[in-house]
Structure formats: structure tokens, C-alpha cells
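Asker: In this note's numbering, the protein residues as written are 18 to 501.
Hints may contain errors.
As the list claims (entries may be wrong) - Simulated crosslink set (EDC-like; lysine to aspartate or glutamate; CA at most 16 Å straight-line):
1) 467 - 224
2) 168 - 224
3) 337 - 322
Said to hold, decoys possible - For each label pair, taking beta carbons as the anchor points, the in silico distance ranges come out as:
4) 274 - 83: 26 to 32 Å
5) 337 - 409: 15 to 21 Å
6) 420 - 207: 46 to 52 Å
7) 442 - 401: 15 to 21 Å
8) 333 - 168: 33 to 39 Å
9) 464 - 350: 48 to 54 Å
Everything labelled a hint here was simulated from the structure, so no lab data went into it.
Ideal Cβ placement from N, Cα and C applies to all residues, glycine included.
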Amino acid sequence: MAGRQEKDEKGVTAEKDEFSEWFTQIMLKADLADYTAVSGCIAFRPTSYAIWEKIRDEVDKRFKKEGIKNVYFPLFIPEKVLSKEAEHVEGFTPEVAWVTHAGESKLKERLAIRPTSETIMYDSFSKWIRSWRDLPMRLNQWNNVVRWEFKHPVPFLRTREFLWNEGHTVFASKEEAEAEMDFVIGTYDDVCRNFLALPSLIGRKSDKEKFAGAEYTVSMEFLMPHGKAIQGPDFHHDGQIFAKAYDITFLNEEGKKEYAYQNTFAITTRMLGVMFAIHSDKNGLVLPPRIAPTQAVIVPILFDDSRDEVLTLARDVEEKLSKFEVLLDLREEHKPGYKFNEWELKGVPLRIEVGPKDVERKEVVLVRRDTGKKEAVKVRSLAAKVERMLEEIQESLLEKAEKFLRAGVVEAKDLLSVEKVIRSKKIAFVPLCRGVECEDMLKYKSGGAKVLNIPFDGEKRAKGKTCVVCGKKADYLAYVGKSY
RNA sequence: GGGGCUGUGGUCUAGUCUGGUAUGAUUGCAGGUUUGGGACUUGCCGACCCCGGUUCAAAUCCGGGCAGCCCCA
Numbered sequence: 018m019a020g021r022q023e024k025d026e027k028g029v030t031a032e033k034d035e036f037s038e039w040f041t042q043i044m045l046k047a048d049l050a051d052y053t054a055v056s057g058c059i060a061f062r063p064t065s066y067a068i069w070e071k072i073r074d075e076v077d078k079r080f081k082k083e084g085i086k087n088v089y090f091p092l093f094i095p096e097k098v099l100s101k102e103a104e105h106v107e108g109f110t111p112e113v114a115w116v117t118h119a120g121e122s123k124l125k126e127r128l129a130i131r132p133t134s135e136t137i138m139y140d141s142f143s144k145w146i147r148s149w150r151d152l153p154m155r156l157n158q159w160n161n162v163v164r165w166e167f168k169h170p171v172p173f174l175r176t177r178e179f180l181w182n183e184g185h186t187v188f189a190s191k192e193e194a195e196a197e198m199d200f201v202i203g204t205y206d207d208v209c210r211n212f213l214a215l216p217s218l219i220g221r222k223s224d225k226e227k228f229a230g231a232e233y234t235v236s237m238e239f240l241m242p243h244g245k246a247i248q249g250p251d252f253h254h255d256g257q258i259f260a261k262a263y264d265i266t267f268l269n270e271e272g273k274k275e276y277a278y279q280n281t282f283a284i285t286t287r288m289l290g291v292m293f294a295i296h297s298d299k300n301g302l303v304l305p306p307r308i309a310p311t312q313a314v315i316v317p318i319l320f321d322d323s324r325d326e327v328l329t330l331a332r333d334v335e336e337k338l339s340k341f342e343v344l345l346d347l348r349e350e351h352k353p354g355y356k357f358n359e360w361e362l363k364g365v366p367l368r369i370e371v372g373p374k375d376v377e378r379k380e381v382v383l384v385r386r387d388t389g390k391k392e393a394v395k396v397r398s399l400a401a402k403v404e405r406m407l408e409e410i411q412e413s414l415l416e417k418a419e420k421f422l423r424a425g426v427v428e429a430k431d432l433l434s435v436e437k438v439i440r441s442k443k444i445a446f447v448p449l450c451r452g453v454e455c456e457d458m459l460k461y462k463s464g465g466a467k468v469l470n471i472p473f474d475g476e477k478r479a480k481g482k483t484c485v486v487c488g489k490k491a492d493y494l495a496y497v498g499k500s501y
């Protein structure tokens, strides 16, 4: 390890503004993940995996209710199948991992480990879809994908293998396909805001930045504490591009053959990293209560002369709070102070201290992880109070994140001010024209910032404004920032 | 993509320049005293990133690899 002497301490020793160091410490010390023998691939430890399961369950529930069905396709994609859609292949080839051998014998055709499953799925879709009665076909799979990136990997945020959902839906008309976007992005936004407490900038990608093989891409962009933007869930409308490459056709009501229209969409384990980074602080992890695997921890304060009474009360409290995810920390080998610090580091939203004084007064002490505020609460009103407090924490984390995002987006009318905004580690909101040359120039002039996306009302709001690069009429207002 | 730094018990670390029995802390395990913000104590377990070279002898020197971190694009 890099010889940082304080690193052996149990708590986080880095300030949040030394982002990389701080983030690594949170990740390791809060037992979220660990490095493995495979470069760029992490082990998700129980806490982080439990959070992923919650995200997955919430999204999955909403998808199913909407009629999207889960399927599972192979991990492997034969080279021939992978390389049918030119633009798509080109986007992914540099990062594809290949299986070339089985035991000692070389395979006749090498197999790609899926970087995404369009190609293998659509090969089947073309067989499954015959008539307009087969449509829409809305499928989804929860799986892992591998993209062998050469940029240096960062736990959760950029790993070579990650987990995600990949929705793949097929429609008879463009209108129907495009109408799905509101539902998909609405679902992701709902889960991000109301569970992860993360607001985002939602909009269309520019043509330059869209997904390889898509007609257009809608993305959710998050602002990280160190001022870099990072892309979260996305939705791609593929038009008939893949349908033509993979021959996904159907007979319409008039008996005529037509190519189908398709969408794809995803949310990945990167969101864990985004959430850890945005909410956490100097003392360690901070988790929104709705996503936290443990919502409250009860720490009994035991003295020899009052041991039994305190334990009885602690167990009573556990019982009263059985509708929440509660942990009663009965470990004898650590003092309360140690436990306080440990559970703060691990991000448990609420701590409940139960000691001899509390037994006398028939109360317990509640401590919020996000603010550190302590409050004594009567045992009889505890359950209601805990419920309210967890809600308050959830809301206040979202509010805080919203405030940070709002403060992090600044309008800029000319190149000079764009550069200034970018240098101050913020996102610039900039009038631009559609020209790719202007976008390239902008990146060059701003010191590496790119178009993140264009909000849905970005075109309307550009009226009367001029492109910051070429000075001609602006087509839209775009979010521009350095990205992770 | 470019540059820099670092790999020693589970974790952190001394030792590397100047080759010779590997330092200490912490965790863990067993015991005792403790417990309202990281307790104390006794005992025990446990390590030189990998491959090659130089040498009587390599954690240390040389070459190559792998891994992690930081900075810049």
C-alpha cells in the first residue's frame, strides 16, 4: 500500500476533498468491497451486495408490474454473431474479453464474453418474432457483463466486470417504442431519488456521445463530490438499426413484412459507488435508510450492577422495532465507544443507545448518522419516532444531494465562462449548435469537458441564444462537464 | 494515453541505501479485569507479490512480470 501512515487506523483518515483516497478508504474500511486476484474486478461484500439486491428488487418489481418479463441468455457470444452490427461492434471490440480454449484444445470459433447482450439476444429474437401479434415483446435480464477497460479501475465506479439489468424491448411502431422511455427513465429516477436519495440531470446524449448502435440515448448524469460528472442509468432507442442487422421482422396487420423498432436500457452496480461517494463523510459511510441493509443498531451500555435490566430493555427495544431492519449489538469484546465508531463507519442510519439511566427514565437515546444529533425518546413512543426519524434522514439526504447538484450547475454564455465553470469543478449549462466540430472544439477549449446530455426542454430554452463555439444560432442548451 | 510512487503476518509498519537469525503495533484465538465516544492485561497463531539472475548467502542488488495508489491528458 502507498505508505500513508494513518491508513492503519480503523476510521477514515482522508478528507472528502482528496476524493480517490477517501473513496478507497470508505470502500475498504466499511467492508463494502475488496480487491480480488483479478485486476479491475472487486468482490462485493455482504453490505454492498445487499444494497444491490434492494436496487434490483425495486426496479424488478416495477418492470414486472409493467409487463416486462425476465429471461436469461448465455454469457458467451460467438464471434460471428457479435460482429453483425458494424457500429455496435466498433464501439465494443477494444474491450471484449475472449474465450479461445477449452482445456488444452483451441476452439474453432472464439467466444466473446458478453460486453452487453444485444447481439446474442437479437439472434434469437429474429426467430421468435413472426407477426404483429408477437409484439410488443418486452424482455429483461439481470446479469453480469465484462468490458476489459484499460483506464485504471475504481471499485464500483469503473470495474471490468459489473452487474446490471439489460432491458431489450421490441415494438411494431416507432411511436410505441419511443413512448416506453418515460416509463423506463421514470422508474430509474424513482429508484435513484426515493431509495438512493440521488437526484440527476436527465436528458438526451449528443450524437457524438450516444451508445454505439443507438438512434439516440437518454441518460441520467450524476455530479460526484470532486466535481466530475458520472453517467448512471440509460435508455437507448435503437430504431430499426439492430432489426436490420439481425433480421428482426414481423408481418403487420396488412400482411406486409416490416422491421421492428427496439429499445434497450440499463442500471448498473456503478450506482452503489455514486451513492457511497455522494452521501458519505469524514466519519465513513452514510446510507439512506430505505436502502440500508441495517436501518438501526442497538448498543447496550452494560455495567455489572445494572446488566440484566439494561439487556431486558435492549431486547424489548429490538422487539418493538421488529418491523425495521434492526441489529442488537451484544458483542462483549468491545466497549460502547468502539461500537459507536464502527457503526458510524459502516453507515447505519440510526443508533439506539440503551443504558442504566435510560432504564430509570424509561427512554432510550437516538443518534442520527447523517447529522450526529442525539435525542432521548420515551420507550412507549419509540416505534413511531424511529419511523419518522428514518423518513427524515431519507428526505434530508435527498435534499442535501439536490442542493449540491443545483449549486453544481452553472449557466455559461461564452467559452471563457464555460472554462471558468469547469475549472471550478462544476457543470456548465451551455447553448450549443448540433455541429460535431463545435462539440470537439468545446472539449478542447474547456480543458476536457464534454456534453453530458441535453435536457428535454433544452431546445425550447435555447431560443434566441447563440452557440458558445461558433456564434451561430444555438440548437439547444446542454450540460457540459468533465466526466469520470 | 503519459508520468510518478508503492508491494513484508488478516491489517498497518521497521528493516532495503550498506546482502547474513525479520521490528513493532493492531486484528484474531484462549483467559482475567472492564463497559454512557475507539479499555487494560497475560499467553498463543500468523508475513518478505511472482518468475528468473548475481552470490557461500537475497526482503535487501539486477532483469522481467503482476498488482495497487497518485498526478496529468
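Asker: Next, verify each hint and record whether it holds.
Answerer: Verification of the supplied hints:
As the CA atoms of residue 467 and residue 224 are separated by approximately 12 Å, the hinted pair is consistent with the 16 Å bound. A hinted pair counts as satisfied when its Cα atoms are at most 16 Å apart, and residue 168 with residue 224 does not qualify at roughly 23 Å. The hinted pair formed by residue 337 and residue 322 fails the criterion: a straight-line CA distance of about 25 Å is larger than 16 Å. Checked against the hint of 26 to 32 Å, the C-beta distance between residue 274 and residue 83 comes to roughly 29 Å, which is consistent with it.
Checked against the given bound of 15 to 21 Å, the beta carbons of residue 337 and residue 409, roughly 19 Å apart, stay inside it. The hinted range of 46 to 52 Å is not satisfied by residue 420 and residue 207, whose Cβ atoms lie roughly 20 Å apart. Between residue 442 and residue 401 the CB atoms are about 42 Å apart, so this pair departs from the stated range of 15 to 21 Å. Distance hint for residue 333 and residue 168: a CB-CB separation of about 53 Å, inconsistent with the stated range 33 to 39 Å.
One distance hint, 48 to 54 Å for the beta-carbon pair residue 464 and residue 350, holds here, with the actual separation near 52 Å.
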